[in-house]
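> Read in order, the letters of the sequence shown are residues 1 to 126 in UniProt numbering.
Derived from the structure by calculation, the hints contain no laboratory data.
We treat Cβ as the ideally placed atom computed from N, Cα and C, and that holds for glycine.
Fair warning: there could be bad hints in the mix.
To be verified - Label-pair distances were calculated between CB atoms; the ranges are: (1) Pro105 - Asp71: 14 to 24 Å; (2) Ser85 - Ala43: 16 to 26 Å; (3) Gln11 - Leu112: 31 to 41 Å; (4) Arg23 - Ala65: 16 to 26 Å; (5) Ala72 - Thr107: 26 to 36 Å; (6) Gln70 - Pro105: 16 to 26 Å; (7) Met1 - Asp88: 12 to 22 Å; (8) Met1 - Ala43: 31 to 41 Å; (9) Thr113 - Thr3: 13 to 23 Å; (10) Arg15 - Pro56: 31 to 41 Å; (11) Asp89 - Glu10: 30 to 40 Å; (12) Asp71 - Asp109: 32 to 42 Å.
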Amino acid sequence: MATVAVVDDEQDIARLIAARLQRAGYEVSTYEDGAAALVGLTAAPTDIAVVDWMMPRLDGIALAAALRAQDATKHIRLLLVTARSDPDDLAFARTQGFEDVMTKPFTRDSLLTAVARLCDTPSLDA
């Protein structure tokens with residue numbers, strides 16, 4: 001089963017996402033913001049990262065750029081979860097390296113479907 005990193009500064013949301021993914025059989029790690037995730041994922045890359053957009057220190061867009069710039073992390077599949085719902089914002093996120101985008105709130109099923117889809121499709125780096 002794939003490994004998944006959850007990156008969200010709202011710890012309740014991060015724990016909820018992590019618990020849902022763990023119950024589905026994924027190995028999950030969590031990070032409180034983009035800066036912590038960049039350090040952690042560089043040291044121990046994962047298959048998929050579920051990333052919030054708006055976070056302190058390093059937001060989701062900046063994290064995506066940093067991950068895509070490193071050989072060790074550019075393969076990580078990126079799923080953005082955000083409270084932003086403007087279609088232009090969501091389209092912009094896709095141009096920044098996110099392979100899928102979900103708006104909060106989302107259902108358990110939609111989260112699991114999105115993660116499974118990322119497991120089953122070739123990465124942008126392939």
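> Okay, which hints does this one fail, numbers in order?
Violated hints (numbers, rising): 1, 2, 3, 4, 6, 7, 8, 10, 11; every other hint is consistent with the structure.
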